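Working from the sequences, and respecting the hints, build out all of it.
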Amino acid sequence: MDNFISQGHWFYVAVMLIGALYFYIQSREPKGVPKYEYMIAIFIPVWSAIAYFSIAAGQGFLEVSERTVYFARYLDWVFTTPLLLVALAFTAMYYTKKNISIILSLVFLDVIMILTGLIASLSESPLNYAWYSIGTVALLIIFYIVWVPLKNIAKKSDEKLYHHYRNVALYLTLFWIGYPTAWLLGPSGLGIVSQSIDVTAFILLPIFSKVGFSIFDLKGLRDLEPQTIRQNKN
Amino acid sequence: MDNFISQGHWFYVAVMLIGALYFYIQSREPKGVPKYEYMIAIFIPVWSAIAYFSIAAGQGFLEVSERTVYFARYLDWVFTTPLLLVALAFTAMYYTKKNISIILSLVFLDVIMILTGLIASLSESPLNYAWYSIGTVALLIIFYIVWVPLKNIAKKSDEKLYHHYRNVALYLTLFWIGYPTAWLLGPSGLGIVSQSIDVTAFILLPIFSKVGFSIFDLKGLRDLEPQTIRQNKN
Amino acid sequence: MDNFISQGHWFYVAVMLIGALYFYIQSREPKGVPKYEYMIAIFIPVWSAIAYFSIAAGQGFLEVSERTVYFARYLDWVFTTPLLLVALAFTAMYYTKKNISIILSLVFLDVIMILTGLIASLSESPLNYAWYSIGTVALLIIFYIVWVPLKNIAKKSDEKLYHHYRNVALYLTLFWIGYPTAWLLGPSGLGIVSQSIDVTAFILLPIFSKVGFSIFDLKGLRDLEPQTIRQNKN
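Chains as they are written, first to last, in the numbering used here: chain A, 26 to 259; chain B, 26 to 259; chain C, 26 to 259.
It should be emphasised that the hints constitute simulated quantities derived from the structure, not laboratory data.
Mixed in with the good hints there might be a few duds.
Copies of the same chain are indistinguishable here, so a pair counts whether it falls within one copy or spans any two.
[Unchecked claim] Pairs of lysine-lysine residues, derived as DSSO-like cross-links and limited to a Cα-Cα distance of at most 30 Å, are as follows:
hint, residue 1, residue 2
1, K181, K56
2, K60, K244
3, K123, K244
Just so it is clear, the structure is predicted and the values come from calculations on it, not from any experiment.
Right under this line is the structure:
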């Protein structure tokens, strides 16, 4: 692994840890946002930092038939991406009772997406595309849940919340389209772009979709009327 | 892997996906049965279809000292069999508060049973029988919980529910005796029956004990008086 | 593996199973302590017994560059140590609403500690010390949670409970300092002590910190005023 790639991963670790520290500081003055929202925002970058530390240290990847498979990315994603969906679902259900069926469905589909992605990256063509397709179907159903049932819950709940939910849902959707696109163009898929561009994409994309997402989401929730005040009104 | 075995696994994948679709259609008209009951019924065959897809595609097994170990079966079971027990426990507790201790005990024992089964199938004789015995002890304790505390909960709860619970518990018990029997007769155990019969058993058994079980269980629950009406009476 | 080491592991399996049986017998006369407290106390030694059975049977370890890595220990710990922390947190929150954020934080940090410990024991020097340091940071944050927020919850709750909590927290803290110390002195770390002493340490330490801890913790809880009586007073 050349120097540029290694430095990129160290940079990523630093950004994640700074992000986690920032959310911890925010949690000291929660502004009515429940503690578990901050906890999720902290867990995600800490876990991701450790996964990328293993890559930076030269351990979290292996060579499979002349291409590099960064399996540590999947160890990262299998934990952090379900948490991101849980955070998004909690935002939609901010003022309402948590719908466990919807949350578990999102987690189930997400775990399928990540595991099939891992198998895809370890498989040879054309089988890797079969696995990739299963993961893409799971992602499309996730998008359906985000934009139909979850959006409806937010819509029925509160005007300002609905506005915030649509923004964070759009933000997450756009970045999550970025992941499979980068995957497909990189060495695990078509192999059109170089290793360096692939690595850069998987450093920048998660910075925005992890720390960026939580900054955006928590900012909106902190500007909303606190749950406790709302519940006392009803 | 010869053609017959491969086609059997493709057939299995198709049956599982049709089953999942059927439960999804049922969930659109839930007849008072909570959404999470349908969700469990859908998760099970979808996960199992993906596991068997890996076998059909030639990946979910490996050769260990001249016999074939289908490790994808254990990846299937470690997720689907706890869910089946959770579904059965939810049926017993349909009208009563969910007893978390009983449910977690079932899941704990079941995970031990599947993991020891996996280790058994990777071990040489006579160590494989030691692991197999531990798994069998776990299964016997599961049967005890199904037929004593869970049955008592159903019995105290409602006459019609009790009748339904006994039927689905018997159905599950009989098929779950089939699994270790097939395992013992197959290549991982005594090796009495051929590879083809073993594969056929592990295609037919899960069709009945997964999709078959959920059809049977959901049919009974849909015929019962809905939980909500019952709770309003009390 | 020589005879002494093998016999030590068989002894450990026996102690764990006797411990589990003892907690099961206690649970038949729960003295107001909720069933799930006994369940946790039973799960821990049963799981640990199975993990050490795999070592005793000659399977749960492998040779990595001329030293023995007992990976089954980590399979043990990744399940049992979070449960021990959950049990400790439940003791602090015995009379109060369970604080899910604190419990999930403990579990998250603990899983990081065990996984980084596993990676450390598979890594070469000096990288193993980097992983070991991450695990130590996680442990220090666990100690902070045990001695600040959890202690405060117990303190505000009840005088007698507070007294008991401080005792079990001190007990767990001292033994949990023992683990990384033994690790560091053993073959995975500095390699100062011999294989036999290392194995003996990892047989004695978990007997005290698993079965010993639960005996101590449950005894205290059984001597407290039952939750149900307390709740009826308020």
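Verification of the hints:
no., hint, result
1, K181 / K56, "both (24 Å within a copy, 24 Å between copies)"
2, K60 / K244, "within (14 Å within a copy, 33 Å between copies)"
3, K123 / K244, "both (21 Å within a copy, 27 Å between copies)"
In this structure, every one of the numbered hints holds.
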